[in-house]
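Trainee: Which chain is which? The protein sequence lines are W and C, in order.
All residue numbers for the first sequence refer to my numbering, where the first residue is 2 and numbers rise by one.
All residue numbers for the second sequence refer to my numbering, where the first residue is 599 and numbers rise by one.
Derived from the structure by calculation, the hints contain no laboratory data.
Bear in mind the structure is a predicted one, so any value in this text is a computation, not a measurement.
Errors might be hidden in some of the hints.
Unchecked claim - Looking from chain W toward chain C, a few residues come up when the C-beta cut is under 10 Å (computed):
id, residue
1, Arg31
2, Ile38
3, Gly45
4, Ala51
5, Gly104
6, Thr110
7, Cys113
8, Trp123
9, Tyr167
10, Pro178
11, Gly180
For each residue, glycine too, the CB sits at the ideal point set by N, CA and C.
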Amino acid sequence: MPKRTHILALATVLVAGLAGSAAADKKQFRYVGIHPIAKAHGGGFCHIEAPHVHAYAAADVKVQYRDHDGFQYFVGDPVAYGWDGPKHAYYGHHPVPVHVVVGDDHEDTEFCYLDGAHYHAWAPPADLKLVLKGDAYWYMGDFPKAYVEAKPVYDPIDVVYKPIVYERPAVVVDVAPPGWYGLVVAAPAASVRGRPAAHVHGGAVIEAGVHVHVPPPPTVRVEVGLPSVHVGIGGGVIVEGGHGHHHHKHKHKHKKWKRRR
Amino acid sequence: MIRTTATIVIAAALAAACSKDGGAAAGGGTGDDAVVAAWKKAGLEVSALTDADAKAYSAEGCRSGTVSGVDVVLCKYDTGEDAKAAEDPALTSLGGVTGAAIAKGARLLVVADRRKADPTGRTIDAITKAFRK
């Protein structure tokens, strides 16, 4: 056997040994798509969209991430963590087509439970029933059972964002599409810098600092509950109890809505 | 100490192998050239790619180098299924190093930021996007 072959064989064994040792030395965490970087690892934002690994675990993983084929997918607002790439404004809860965002063929629709105005780095596909109005996307489709079932787990996500000071999208609730139903929230003072004050119409002044213009009947339902306010605009909404969102009659079927425990 | 010695031996062995075999064992050729061209077009600095240990990735051939300070390995497989199947073990082999492993066709790209040259992942994102195009 030539000397070079011996050396290569030795090298292969050592490479394998070192790789195993390195893997054992440091734990590995898998991500897909952009996400915040753990503060202990420098903070800021990771821009890698492809499936990738880091040495650190995701923060607030229970509410900020969803599992996509064994990889953690960040569903929160990237701007809050310093994302300076493309961004699109949304208002209220909506579906998240994870497979479309990450660009693979494993259909996986999750839900964003962020209340009020927030950003995502992705623009919605045309078939998702997200209507662009007032520079923000509003979800006009139905929320399936999976969304309702997972709500107790994921809805507390807003608590994570409460202490974060950043500029949220300036969305005036007046422009909500007719028929939209959702949670109207008072944006924190730090996030409304430069935003013109909303005007009150129809006498619907709800909660400190939240001014909502409610168009005239046919049907308007306003639920007042602390600390948030549910406002239905337009007709045909059925309100579920508590913090539930609207349920129209089912007009379409989604191919797959992920069920949660 | 043992690890340092081992690393030196590996480097010497790979250098010796590369210097005599040239690209014979590599997965190189026009496929790699196209990827390198895409990286350069994306504004990335690409080093020369040299033969790497294909067995570590269960590949037909591999070449390695750096792209804007980040280590890359390009491997070639018989089929796209083989390349796809190699993604997971390649990711696992990265351990706690920030990196990625993605297949496209019969090729696998493994990226590893061992020198922490890319703290926000912008370079790795550009590398993987250009590879996927």
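Trainee: The hint names Thr110 (chain W) as touching chain C; please verify it with the least Cβ-Cβ distance against 10 Å.
Mentor: 23 Å, violated
Trainee: Could you check if Cys113 (chain W) really has its C-beta closer than 10 Å to a C-beta on chain C?
Mentor: 23 Å, violated
Trainee: Is the shortest C-beta separation between Ile38 (chain W) and chain C less than 10 Å?
Mentor: 7 Å, holds
Trainee: When the nearest CB of chain C is found for Pro178 (chain W), is that gap smaller than 10 Å?
Mentor: 34 Å, violated
Trainee: Grab the minimum C-beta distance from Gly180 (chain W) to chain C and call the hint holds if it beats 10 Å, violated otherwise.
Mentor: 39 Å, violated
Trainee: Given Trp123 (chain W) was flagged as interface, is its beta-carbon under 10 Å from a beta-carbon of chain C?
Mentor: Since chain C brings no Cβ nearer than about 15 Å to Trp123 (chain W), farther than 10 Å, the hint is violated.
Trainee: Should the interface hint for Gly104 (chain W) be scored as holding, given a Cβ-Cβ cut-off of 10 Å against chain C?
Mentor: Interface hint status for Gly104 (chain W): holds (8 Å vs cutoff 10 Å).
Trainee: Less than 10 Å between beta-carbons is the criterion; does Gly45 (chain W) satisfy it with respect to chain C?
Mentor: 6 Å, holds
Trainee: Checking hints one by one. Is Tyr167 (chain W) an interface residue toward chain C, by the C-beta closer than 10 Å rule?
Mentor: 17 Å, violated
Trainee: Does Arg31 (chain W) hold up as a contact with chain C if the rule is Cβ-Cβ below 10 Å?
Mentor: Hint on Arg31 (chain W): holds, closest Cβ of chain C at ~7 Å, below 10 Å.
Trainee: Taking the closest Cβ pair, is Ala51 (chain W) under 10 Å from chain C?
Mentor: Check passed: Cβ of Ala51 (chain W) comes within 4 Å of chain C, closer than 10 Å.
Checked against the numbered hints above, the structure violates hints 6, 7, 8, 9, 10, 11; every other hint is satisfied.
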